[in-house]
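Visitor: Two independent chains are provided; combine them into the complex using the hints.
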Amino acid sequence: MTFWIIQLFNGLSFAMLLFLLAAGLSVVFGVMKVINLAHGSFYLIGGYVALSVLSATGSFLLAAAAAVLAGASVAAVLQTAFLRRFYDNELAQVLLTFGFLFIIADLCLVVWGGNPQALPKPALLAGSVVFGEIVIPVYRLFVTAVGLLFAGALWLLFEKTRWGAMARAAVDDPEMCRGLGVNVPVLCTSVFVAGAALAAFGGFMGGSFVGVYPGADFEILLYSFVVVIIGGLGSLPGAFVGSLIVGLLDNFGKALFPELSLFTIFAPMALLLAVKPTGLFGK
Amino acid sequence: MTWIRAGAVFLLLVSLAVVPWLLSPYDVGILVQVMIYAIFAMSLDLLLGYTGLPSLGHAAYFGLAGYAVALISTKLWTGAALAPLVVAGLAVTGAAGIFFALLALRTHGVYFLMITLALAQVLWGIAFKWRSLTGGDDGLPGIRRPELAFGLSLADPTIFYFAVLLAFVLITAFLHVLVRSPFGLALKGIRDSESRMLALGYNVWLHKLIIFVLAALMAGIAGMLFTFYNHFVSPSDLSLVLSAKVLLMVTLGGAGTLYGPILGAFAIVMLENMLSAWTERWLLLLGLLYVASVTWAPNGIVGFLAGRPGAQD
Numbered sequence: 001m002t003f004w005i006i007q008l009f010n011g012l013s014f015a016m017l018l019f020l021l022a023a024g025l026s027v028v029f030g031v032m033k034v035i036n037l038a039h040g041s042f043y044l045i046g047g048y049v050a051l052s053v054l055s056a057t058g059s060f061l062l063a064a065a066a067a068v069l070a071g072a073s074v075a076a077v078l079q080t081a082f083l084r085r086f087y088d089n090e091l092a093q094v095l096l097t098f099g100f101l102f103i104i105a106d107l108c109l110v111v112w113g114g115n116p117q118a119l120p121k122p123a124l125l126a127g128s129v130v131f132g133e134i135v136i137p138v139y140r141l142f143v144t145a146v147g148l149l150f151a152g153a154l155w156l157l158f159e160k161t162r163w164g165a166m167a168r169a170a171v172d173d174p175e176m177c178r179g180l181g182v183n184v185p186v187l188c189t190s191v192f193v194a195g196a197a198l199a200a201f202g203g204f205m206g207g208s209f210v211g212v213y214p215g216a217d218f219e220i221l222l223y224s225f226v227v228v229i230i231g232g233l234g235s236l237p238g239a240f241v242g243s244l245i246v247g248l249l250d251n252f253g254k255a256l257f258p259e260l261s262l263f264t265i266f267a268p269m270a271l272l273l274a275v276k277p278t279g280l281f282g283k
Numbered sequence: 001m002t003w004i005r006a007g008a009v010f011l012l013l014v015s016l017a018v019v020p021w022l023l024s025p026y027d028v029g030i031l032v033q034v035m036i037y038a039i040f041a042m043s044l045d046l047l048l049g050y051t052g053l054p055s056l057g058h059a060a061y062f063g064l065a066g067y068a069v070a071l072i073s074t075k076l077w078t079g080a081a082l083a084p085l086v087v088a089g090l091a092v093t094g095a096a097g098i099f100f101a102l103l104a105l106r107t108h109g110v111y112f113l114m115i116t117l118a119l120a121q122v123l124w125g126i127a128f129k130w131r132s133l134t135g136g137d138d139g140l141p142g143i144r145r146p147e148l149a150f151g152l153s154l155a156d157p158t159i160f161y162f163a164v165l166l167a168f169v170l171i172t173a174f175l176h177v178l179v180r181s182p183f184g185l186a187l188k189g190i191r192d193s194e195s196r197m198l199a200l201g202y203n204v205w206l207h208k209l210i211i212f213v214l215a216a217l218m219a220g221i222a223g224m225l226f227t228f229y230n231h232f233v234s235p236s237d238l239s240l241v242l243s244a245k246v247l248l249m250v251t252l253g254g255a256g257t258l259y260g261p262i263l264g265a266f267a268i269v270m271l272e273n274m275l276s277a278w279t280e281r282w283l284l285l286l287g288l289l290y291v292a293s294v295t296w297a298p299n300g301i302v303g304f305l306a307g308r309p310g311a312q313d
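Taken in order, these protein sequences are the chains called A and B. Residue numbering for the first sequence is 1 to 283, as defined by my numbering. Residue numbering for the second sequence is 1 to 313, as defined by my numbering.
It should be emphasised that the hints constitute simulated quantities derived from the structure, not laboratory data. One thing to keep in mind: the hints can contain errors.
[Said to hold, decoys possible] Across the chosen pairs, the derived CB separations fall in these ranges:
1. LYS283/A x VAL18/B: 22 to 32 Å
2. LEU288/B x LEU69/A: 21 to 31 Å
3. THR279/B x GLY152/A: 41 to 51 Å
4. VAL18/B x ALA76/A: 31 to 41 Å
5. PRO185/A x SER236/B: 57 to 67 Å
[Said to hold, decoys possible] The calculated DMTMM-like cross-link candidates involving lysine to aspartate or glutamate, where the alpha carbons are at most 25 Å apart (straight line), are:
6. LYS33/A x GLU259/A
7. LYS208/B x ASP192/B
8. LYS283/A x ASP106/A
9. LYS283/A x GLU175/A
10. LYS276/A x ASP173/A
11. LYS283/A x GLU133/A
12. LYS208/B x GLU175/A
13. LYS188/B x ASP88/A
14. LYS276/A x GLU194/B
15. LYS254/A x ASP137/B
16. LYS33/A x ASP172/A
17. LYS208/B x ASP88/A
18. LYS188/B x GLU90/A
19. LYS75/B x GLU219/A
20. LYS283/A x ASP137/B
21. LYS33/A x ASP137/B
22. LYS254/A x ASP138/B
23. LYS33/A x ASP192/B
24. LYS276/A x ASP106/A
We put the beta carbon where it would ideally sit given N, CA and C, even for glycine.
Isolated chain B (complex conformation) (with noise of 0.2 Å):
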């Protein structure tokens, strides 16, 4: 079984690497969305699928850290190379994270709900109204791609999707060994019964913390990639309609799974990619998506083909 499955992902490994050559431009933009918002997706399944963690903000970090690469790259510092920006752009996440964190971890359950949307809302007002600073609704548009060593640049549409690709499969890796570490048990250990952690003697608030900073981490990673993919950052990329759109994909394609959120986010961008261009109905589509996937596959996708309730990775 382990041998079929480290075939099954040689094989997916040799065919994205040669998938620039197969695929139109456009098809390879697509992929290219998809990996992004797989790496947001489990970025939020480490807080809701792996520790119990419900956030409805996580757009908050994805968008910050794009606006943070966007300034600095028009406004501050026009010809920066990719290290400082990505450096500059963690680091203003990171100190979100930890503020942000800092804040909502003294609730639970649904009034985390709430606090994760207003506080990702605050950023979302500012990007929106402090027009002389974001450019308000219309965003921040031309922002470029920077260069790499050896005269690569990020510009190149093929540079670009092996550096996505990159940062996608290193992180999930780095997931998938974080999850099996005894850090990942003790999260799902704090997901299933936390009270009983605190009895075990673990610092359950400082697990908390940790894997809260790192999935904004992570996020902000997406958001930067995000952004550069676009050359454009707007007040939709904090908003709650994303942040709505990326708990969809965690839970459509199966929360606490390490591949669910990956095969979500698949499926939600391949499907708006194809909605959108056949009906201009689809805003109406993707609510019926929302309404049927809570209704009938409330364990994702992987839980629906593991066949069995809460199907755990």
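Just chain A, with the same shape it has in the complex (with noise of 0.2 Å):
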């Protein structure tokens, strides 16, 4: 029983986490119809700027400032720059995202050496809570409760903003909504720029317990896709229920079947491309 409780603890933190990187890629694709294959750079971009700063102001506050202020600057720029000319060319999106993850992971292998890092946890979330014989890092709880104050501060902006129900109309009628006087490519920049601000925070929460090191921006891409494919692509909830499926059953499959556990994401993913190809919450 310990066990179990534990794993789920452990499951629902990593969760949380992927919600946090997974939304941002859902909801770009959803408006956007990109498939962003640079999303875990943000991640790593956010990880290692957290890094720096915390190691020279000693800040936790102005190192999540500074990451998310990367994350989104460098989205900013490979938004406007470059991926709004392939508007519609999902083969060019693929190539040329795909080329700025080789690019960020050189860049950021010559700024921040090849040996993975942890962010230092804050003194404050540093210790355990204590059941009996359940032991659980006080830091894996704010984890937890960081993300769904994430996931209600995120459904709130879609479903109860001016800028969310713009957001929404785009990803079902992008025609119409143009037609509706949106500024359509100003709302793709936010939305993309949003998403990458999220995933560069994520790279600052997730600092400290999955870790920064080349090959992050890989693996957070992989777990990032396995959760919008099974929630659905440009679904919210569907992020966050694929998320809490996949964090739980990635943390159990390594913990029962170490040698299956990646498996263990991917067969489930494959089961229901099968019976729905849109995912659970996808249309």
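Guide: Structure below.
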């Protein structure tokens, strides 16, 4: 029983980190129909920038702000200077974002080196909560809480604000949305930058327990893809449910069947694709 | 014009036939890589360029065939000859191709990209994590090149070169015929307007299924040759990186043309070898190449040379 409870909390915290990453990927796809293979790179940028700022200033707030800002600015350049020119050409977008995946990975390698690094945890969140035999790190609980908070905030943003309504309209029918006077290109850029900022924030949060290292961009990308494929492309609730499924499956898979750990998330995904190609919440 | 073209092809074949005696073993090795990647890229072009099916998981069949011959020849039947290995490799690849096609062909466009990517990742995940069978990310080393008849063996580099050359020429000739056949023209019709082909009474789904499996088998041939060439197979032969690389070869050379992917494979293999010898930052340069090719040569080298947008063979 102890094992199950501890693994459940580990899985939940990983799921909430995945949500921060997959939400952006999914909504960007929904609004722009872009498969962004460079999405994991924003995680890498966020993690590394946070690391540098933290060691220079010692402030976690500054580190988080710098990480978000760095991810958002790189995304703004990528979107306005390159991606925007290839609207509706998914193959060009795939190759382009894959190129940026390589470029960003190599630049990070030059700047931050090849050794895996981990962000220190704030002293406030360093300990563990103990219930009898069950020991759960406070930081894991914190990540779970932050993930839930962001899920709620994003839901409000999408369902209750004008910007969210415009984004949802662009998902459903971009042409009609244009016709109603929404500046869709500007909307696209704002969605893309917001998604990247979220992923960079994920790099800051995940830097303490997943770590930042060369190849993390790729791993994060794969996990996020499984989440959005299971949840359904373009759906925020889908990203949330998908994150929970993938986070828990991955954690229990790793603990119970180490040799099949990736298979335990990829196989349900393939199965779901066979039954419902658009994912759980996709249209 | 056709005579000039025939002469050029003849000259190219003659020079390819004398290459082992003119170039260094290292350069012959590069040429072998170019031809193997060319077969691989042409197989993807059948889907992408001729039928309009953008697969982002084409490494699945390349790597799967490689793992099939590697596992059989190292664990199941150590003295296996070439023919049974190739038959087994193609059977596995063909079965996977049919199964994946049944799933992927239910979708269109960008969803097709995602599903092919996802299916390839399933295989990659198995190869990466199932250590006791696949060796995990260490891969399977020590794969022997099989014996041929009459005391010949693929272990001899010159014989291996000619085996790859033979496969390359036969497959190119086959594709030359295929894309001009009624079946090939129907594929182009599906690419340009699927609804019109449906209205004309074509079984679009069956055409797609056949070409999907054929492309998988061709990629499998390339994968087996590559495994024998390296004496090694690893998860990178199934990876998204390889799928994207072969996609770049096709688009850089010119999708929807028969010779574009060959040019693309040649360009990428040469660049990769030159750049990695010259600088440690070749990953950065490869990334820039992706960006540059999409930005400045959207129709590929062939399209660029022909000077007209969307030049089709």
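Visitor: The structure should be examined with respect to each hint, and the outcome stated for every one.
Guide: Structure-based check of all given hints:
The hinted window of 22 to 32 Å between LYS283/A and VAL18/B is violated, with their beta carbons roughly 60 Å apart. Judged by the Cβ atoms, the range 21 to 31 Å given for LEU288/B and LEU69/A holds: they are separated by roughly 25 Å. In this structure, THR279/B and GLY152/A meet the distance hint of 41 to 51 Å, their C-beta atoms being roughly 48 Å apart. Our hint of 31 to 41 Å for VAL18/B and ALA76/A is violated, since their Cβ atoms are close to 55 Å apart.
With their beta carbons about 38 Å apart, PRO185/A and SER236/B fall outside the hinted range of 57 to 67 Å. Taking the CA atoms of LYS33/A and GLU259/A, the gap is about 35 Å. The hint is violated against a cut of 25 Å. A distance of roughly 14 Å separates the Cα atoms of LYS208/B and ASP192/B; the hinted pair therefore holds under the 25 Å criterion. For a cut-off of 25 Å, the pair hint linking LYS283/A to ASP106/A is broken: about 37 Å separates their Cα positions.
Between LYS283/A and GLU175/A the alpha-carbon distance is near 18 Å, which keeps this suggested pair within the 25 Å criterion. With a C-alpha separation of about 22 Å, the suggested pairing of LYS276/A with ASP173/A holds against the 25 Å cut-off. At most 25 Å may separate the alpha-carbon atoms for a hinted pair to count; LYS283/A and GLU133/A exceed this at roughly 45 Å. A hinted pair counts as satisfied when its Cα atoms are at most 25 Å apart, and LYS208/B with GLU175/A does not qualify at roughly 30 Å.
Simply put, LYS188/B and ASP88/A have alpha-carbon atoms about 21 Å apart, close enough for the 25 Å limit, and the pair holds. Restraint check for LYS276/A and GLU194/B: satisfied, since their Cα atoms lie roughly 22 Å apart, inside the 25 Å limit. Distance restraint check for LYS254/A and ASP137/B: the Cα-Cα separation of roughly 17 Å lies within the 25 Å cut-off, and the hinted pair is therefore satisfied. For the proposed pair LYS33/A and ASP172/A, the alpha carbon gap of about 11 Å is at most 25 Å, so the pair holds.
Distance hint between LYS208/B and ASP88/A is fulfilled; the C-alpha atoms sit about 23 Å from each other, no more than 25 Å. Between LYS188/B and GLU90/A, the direct Cα distance comes to roughly 19 Å. Compliance with the 25 Å bound is thereby established for this hinted pair. The hinted pair formed by LYS75/B and GLU219/A fails the criterion: a straight-line CA distance of about 31 Å is larger than 25 Å. Proximity of LYS283/A to ASP137/B is assessed by CA-CA distance (about 37 Å); at most 25 Å being required, the pair is judged violated.
Note on LYS33/A and ASP137/B: the hinted pairing is violated, with a Cα-Cα distance of about 33 Å set against a maximum of 25 Å. Among the hinted pairs, LYS254/A with ASP138/B is consistent with the structure: their alpha-carbon atoms are about 19 Å apart, no more than 25 Å. Under the criterion of a C-alpha separation no larger than 25 Å, the hint pairing LYS33/A with ASP192/B is consistent with the structure, at around 21 Å. Taken as a hint, the LYS276/A and ASP106/A pair is broken in the structure, with Cα atoms around 38 Å apart against an allowance of 25 Å.
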